[in-house]
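One letter stands for each residue in the lines below.
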Amino acid sequence: MSSIEVTNLQKTFQTKRKAAGMRGSLRALFKPEYNTVEAVRGLSFQMEAGELLGFIGPNGAGKSTTIKILTGILHPTSGDAKVLGFVPWKERQKLAYHIGTVFGQRPQLWYHLPAIDTFMLFGKIYELDDCETKKRISFLSEAFEIRDLLETPVRKLSLGQRMRCEVAASLLHRPKLLLLDEPSIGLDVVAKQHIRDAIRTMSQEEKVGVLLTSHDAGDLEALCRRVIIINHGQIVYEDKVSNLKRKFLTRKMVEVRYAEEVPPTFSIDGVEILKVGSYGVKLRFDTTKTPVDAVMAHLSQAGELVDITVSDPPLEEVIAKIYTANSVVE
Amino acid sequence: MRQVKFIFALWKANLQAAMEFRAAFFTQIIFMMINNGVYFIFWILYFDKFNAVRGWDINTMMLLFGITASAWGIGAFFFGNFISLAEVIVGGRLDYYLSLPRPVLLHVLASKSIGSGMGDLIYGIGSFMLSGYFTPDGTLRFLLGVFAGVCIFIGFLVIVQSLSFWLGNTVALSQFALSALLTFSLYPSVLFDATTKFILLTLIPAALIGTIPAEFVREFSWQSAIQMVSGPLVFLFLSIFIFKLGLKRYESGSAIQVEV
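As you go down the protein sequences, you meet chains A and B in turn. First residue of the first sequence: 1, per the working numbering; consecutive thereafter. First residue of the second sequence: 331, per the working numbering; consecutive thereafter.
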């Protein structure tokens, strides 16, 4: 059963155009000119109930606009969408009882109050009785490790602590679907990991579907099974995350450390040497052109190995490759 | 009943937020009461020289101030965002309200409390009690007058600020409208000519906040009763209609917000 069905969704905005300087300002005042920006262009996709779907793309790709249409915040210019059977912009209030939303750039917790007070207020907003709200807060405070933070005014929490409280608040009313818009924006590595772990746990335990927009590839790798990549308001790639990695993660990065010094002229055929230090080498190669075992054999012949690390390139690089491939096709 | 419980929960949260800064909260209240009192000194000096102006004496002026200050105070304290709705719209801050399952306009308006509004309300009640109209039926009519004033303040300013959906940033226009409404509501409209009176009943409905309710309290008449009921109803209905219409044009925004 689909929790989200989107068909040929379009959203255009009119933005005012103004030349630089005072002259431009005066001209715009008396003879305004507008640009039409197509934020979302004919988007169609489906999301199954309980699925973890990543919706990624660079800044300005149309991710946030799409999620705002799907929550009923924005009206589309044309096209159809159903979220849990509701048309978001027509049945916004009904839909809001069944979804949770987090906008990383727009806090929903009251800034001057402890998080627990906003949680209790949300209980009233979602028409939960006080006893049920308290039970739920207790459960979420364990799941998100926020028990000690609940009575501290939100303004005194770190960004990472606040985001954990934000996501927990969005789950208070047991939504069937969680729409997360850039939940990890501005967080450090540890805080991101905390948030991801908590979201994954909640998704598994309560079968909550998660639609996640992010331009952090780490969120996608850590949380999602399927990915949709959009650019300029259109889908440029849609597949399982594992397939994405197999198709585009063909380049491997290797770092090795030797027991003795490495000659500065160190080289292997078909391998790009990124850095040669006194006792170590960093290199990159394409597994479709140079076999892994050949590279490993060369590395072990070059001296006594002390340490070796093999890693995939960051997903940002993969996305850039898809964009490049897409623009070549265009 | 559902919405009443919800509104009380919002007011409770507002009060809790205000109590986080108790000293600032009580200072605002006290200074607003002093501010209103100082403003009224002008009328005390005026009526010291002239007993009445077109039938209005110092007691009626106290009544007018009582109604206007109370209406403003209730609006500011319980529905504080009616003054800053344009900023909320232009700043894309309606996202928060639209993502929750409650009527957007009611939710926005009641989500902010301006502490000084309580000072206006206390001053307004005090001014009414000293005006000489503090009788049982006078109090009932005063309450009705204040209710009408609250509806006009909120309805008119929601209409003006909802223009942001079409015109973009109308913060300056809204401040001008607010200033005009508040200023004219503190003067009896009997001072003005017929054209100005008409404007004060329609385009800038200040007479529906101050003069008409004050006349209604002073002496019951069907004309002022009808004006007091129909005016607020029209403005409230129009404000909800225009806001809802504008909401379809809402464009959100990408500004990073650091606090609520």
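You may find that some hints are simply not true.
As the list claims (entries may be wrong) - For each label pair, taking beta carbons as the anchor points, the in silico distance ranges come out as: (1) B:V334 x A:S2: 31 to 39 Å; (2) B:I374 x A:D129: 47 to 55 Å; (3) A:R17 x B:L568: 31 to 39 Å; (4) B:I374 x A:A28: 45 to 53 Å.
As the list claims (entries may be wrong) - Anything over 12 Å on all C-beta distances counts as not near chain B; from chain A, calculated: (5) S170; (6) R196; (7) R225; (8) G270.
These aren't lab readings, by the way, just hints derived from the structure by calculation. Backbone N, C-alpha and C define an ideal beta-carbon position, used for all residues, glycine too.
| query | Of the numbered hints stated previously, which ones are contradicted by the structure, given in increasing order? | reply | 5
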